[in-house]
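Please take these sequences and the hints and turn them into a complete structure.
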Amino acid sequence: MSTLIPIGPFHPVLEEPEYISLYVDGETVEDADIDLGRIHRGMELLAQEKTYDQDCFLVERICGICSASHSWAACRAMEDIAGIGPTDRARYLRTIVHELERLHSHMLWVGLGGHILGYWTVFMWGWKYREPVLDSLEAITGNRNHYAWYRPGGVRRDVADEVWPVVLKRMDEFAAQTEMLLHAILDDPVILGRLKGVGLLTKEDAIRYGTLGPTARGSGFDIDVRRDEPYGAYSEVDWDVIVRPEGDCLAVAAVRLLEMLESVKIIKQCIERLPGGPIANEVREIPRGEGVGHVEAPRGECFHFIRSNGTNMPERHKMRAPTFNNIPSYRPRVKGESISDAVLIFAIIDPCYSCTERMAVLGPDGRRALGSKDLIALSHAKTEELRKGS
Amino acid sequence: MASTLNMFIYFLIFPGLLFTAVVGLLTTWVDRKVSARVQWRVGPPWYQPFADILKLLGKEIVIPEGAKRTGFLLAPMAGLAAVTVVSMMLWLANMQGVGFVGDLIAVIYLLTIPSIGMIIGASASSNPLASVGASREMKLILAYELPFVIAIFTAVSKVSPMSLKLEAILEHQAANGVLLGHPSCIIAFIVAVLCMQAKLTYPPFDIPEAETELMDGTHMEYSGPILGVVKLTQAMMLFTLPVLFITLFWGGLQFTGWGLLYTIVKYVLIVTIAILIKNTNPRVRIDQAVRFFWGPVTVLAIIGIILALAGL
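In order, the protein sequences belong to chains A and B. Quick note: the first sequence uses this note's numbering, first residue 1, plus one each step. Quick note: the second sequence uses this note's numbering, first residue 1, plus one each step.
Keep in mind that the hints were calculated from the coordinates and are not lab data. Each hint should be verified, as a subset may be incorrect.
[Claimed, not checked] Here are some chain A residues pointing at chain B (derived, C-beta under 8 Å):
hint	residue
1	THR28
2	GLU30
3	HIS115
4	LEU117
5	GLY118
6	TYR119
7	TRP120
8	THR121
9	TRP125
10	ILE191
11	LYS335
12	SER338
13	SER340
14	ASP341
15	VAL343
16	LEU370
Quick caveat: nothing in here was measured; it's all calculated off a predicted structure. Even glycine gets a Cβ: it sits at the ideal position worked out from N, Cα and C.
Structural data, given as structure tokens:
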């Protein structure tokens with residue numbers, strides 16, 4: 001007999017409202033259903049009603065954590081249409097901010113992981129270590145979050161040279177702290193007991209579900225936009241893509257922790273090699289056409305598509321955050337695990353729902369009319385219809 | 001008549017309800033302050049636990065729809081009464097040598113009442129997450145109760161002639177030195193401290209409450225004064241269990257001169273061990289906890305009692 005255990009819409013672990021139904025037998029999860037669509041904000045439509053310059057600020061608001069990724073992806077799509085790339089200095093400046101963002105996002109996740117495991121000390125320490133990264137971002141861009149830093153053709157502001165020694169010093173400290181946390185977490189037998197072998201996602205499933213970022217790399221699926229289609233300064237600095245073949249929660253945690261050390265390497269090299277010159281190429285107008293921009297956000301590939309009709313507003317602006325791809329992989333991961341691990345396994349993809357929300361079907365009473373299973377059934381029916389038609 | 005009045009004072013004021021509650025809440029403050037310092041926070045002022053309980057006493061009790069009212073409300077009260085009686089028995093045995101034959105068995109029995117109360121209360125609340133918490137609490141009791149009892153009987157078996165009276169154990173220690181001087185009792189003490197962690201549902205054994213999994217599980221539906229009673233019971237357990245261990249293994253409580261200071265040091269030391277374990281461990285799964293207690297801990301406890309019977 002299976003009982004329904006609801007997680008959400010409001011739950012201490014979920015920072016944003018989301019609803020997961022767990023069908024459990026005793027403590028074992030038999031099946032899971034995820035119901036997205038509680039914080040749909042209409043970002044795509046909004047982007048089509050604002051000018052390109054305003055869109056750079058708007059897309060930052062998609063996510064408080066990966067704001068640089070979204071605005072960089074949007075800028076790359078606009079540059080793709082205009083055919084004008086960033087200047088050399090802008091490429092390096094963009095890369096530095098992007099990697100700093102990865103550092104604070106991953107460190108935030110480490111803290112949340114501690115919170116989910118009931119390990120308050122890791123939670124507090126992780127977030128304390130994250131603070132100097134945010135201070136560095138504030139020193140460079142003027143903001144802790146929502147940097148207003150990217151614009152088509154380059155960046156908005158230049159950075160004074162005095163800032164860099166401070167950032168470099170903070171990066172050295174951060175690397176030492178991350179090493180310490182790495183050993184504290186990966187050598188602790190109790191944490192190993194909670195993470196090792198839990199929430200397995202095979203490489204085949206990782207590919208079939210189209211997972212991205214650390215979620216994919218933790219299952220041995222070796223993809224990274226930064227290396228596969230280099231942008232910014234990534235092809236000019238020395239760094240490695242971290243891949244772990246095991247596919248369990250421990251592997252994903254290890255990928256995130258080790259990636260932080262790689263990011264520190266990238267930032268230090270970029271600061272050392274930072275070229276001079278102008279910070280932006282002037283993009284006067286966006287001509288008619290279509291453009292695609294994608295970057296490796298902390299959670300995986302962030303994708304933006306823009307179609308321009310020659311006016312100062314995009315005709316279509318499609319955004320896809322990595323969590324959208326990663327969430328379905330929850331189901332193969334959680335089946336057969338215990339309820340204690342269900343939340344942990346959900347958090348292992350570092351979900352970011354408000355970035356993901358695209359649609360919800362409401363009935364006349366304002367309640368949700370269709371769940372995810374209904375939508376999948378509808379989609380199957382539609383496919384059958386198309387097959388019969390052709 | 002006078003003795004009845006005395007019993008009431010013992011139960012309600014000193015060393016019963018009021019005293020245990022005040023010291024227990026002060027101990028939770030120590031817990032919160034030390035945890036905060038470990039986690040690089042400032043921590044609350046000393047009166048914070050009292051303020052919390054007072055605030056809860058002034059709030060409304062919400063009884064969920066479909067809950068069994070009597071069981072839901074009475075179960076935490078039973079826990080509070082049980083831990084008060086244990087505290088009173090321990091203190092009277094230490095102060096006046098008052099007790100009865102087999103009072104140690106009553107102590108062990110009464111110490112499980114708060115946990116069983118939480119199981120009954122959570123089951124009566126008709127909340128699915130609380131019932132998962134109740135089933136976890138049940139498994140946890142089954143897991144730690146065996147090594148806990150073995151550890152206590154290690155102390156009993158060291159006393160000659162073997163006696164289940166707290167007073168006899170104290171007298172033996174006063175005459176022959178503390179039981180912690182024996183290797184067998186050091187092992188039993190370690191086992192007892194580990195079981196204390198589970199009895200208090202402190203991490204890594206906060207499985208029935210598991211805030212991030214079950215949203216406080218067994219405590220989930222409690223609110224207002226009745227939640228205050230639940231929290232108070234936990235605070236009093238944090239006070240009573242170390243006192244029990246000091247009585248059994250560490251020479252009991254002294255109330256004069258340096259003895260008083262020594263008693264406080266012993267108490268704070270045991271509490272600090274619990275707080276440090278709490279802050280350096282994530283929560284384990286229930287199956288891992290059961291395996292841990294039935295495996296290594298029970299084996300350790302049995303080694304302890306074998307050593308004790310061999311005269312070590």
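So, going through the hints one by one against the coordinates:
1. THR28: For A:THR28, the interface hint is violated, since the closest Cβ of chain B sits about 10 Å away, which is over 8 Å.
2. GLU30: Violated, about 15 Å.
3. HIS115: holds, 6 Å
4. LEU117: Given a least distance of 4 Å, the restraint on A:LEU117 holds.
5. GLY118: Result: holds, 4 Å to nearest chain B Cβ.
6. TYR119: Interface hint status for A:TYR119: holds (4 Å vs cutoff 8 Å).
7. TRP120: Given a least distance of 6 Å, the restraint on A:TRP120 holds.
8. THR121: Hint on A:THR121: holds, closest Cβ of chain B at ~5 Å, below 8 Å.
9. TRP125: holds, 7 Å
10. ILE191: holds, 6 Å
11. LYS335: violated, 17 Å
12. SER338: holds, 6 Å
13. SER340: holds, 5 Å
14. ASP341: Hint holds; A:ASP341 Cβ to chain B Cβ min 7 Å, cut 8 Å.
15. VAL343: At 5 Å from the nearest chain B Cβ, A:VAL343 passes the 8 Å test, so the hint holds.
16. LEU370: Violated. Min distance 24 Å.
Violation of the numbered hints given earlier is confined to hints 1, 2, 11 and 16; the remaining hints are satisfied by the structure.
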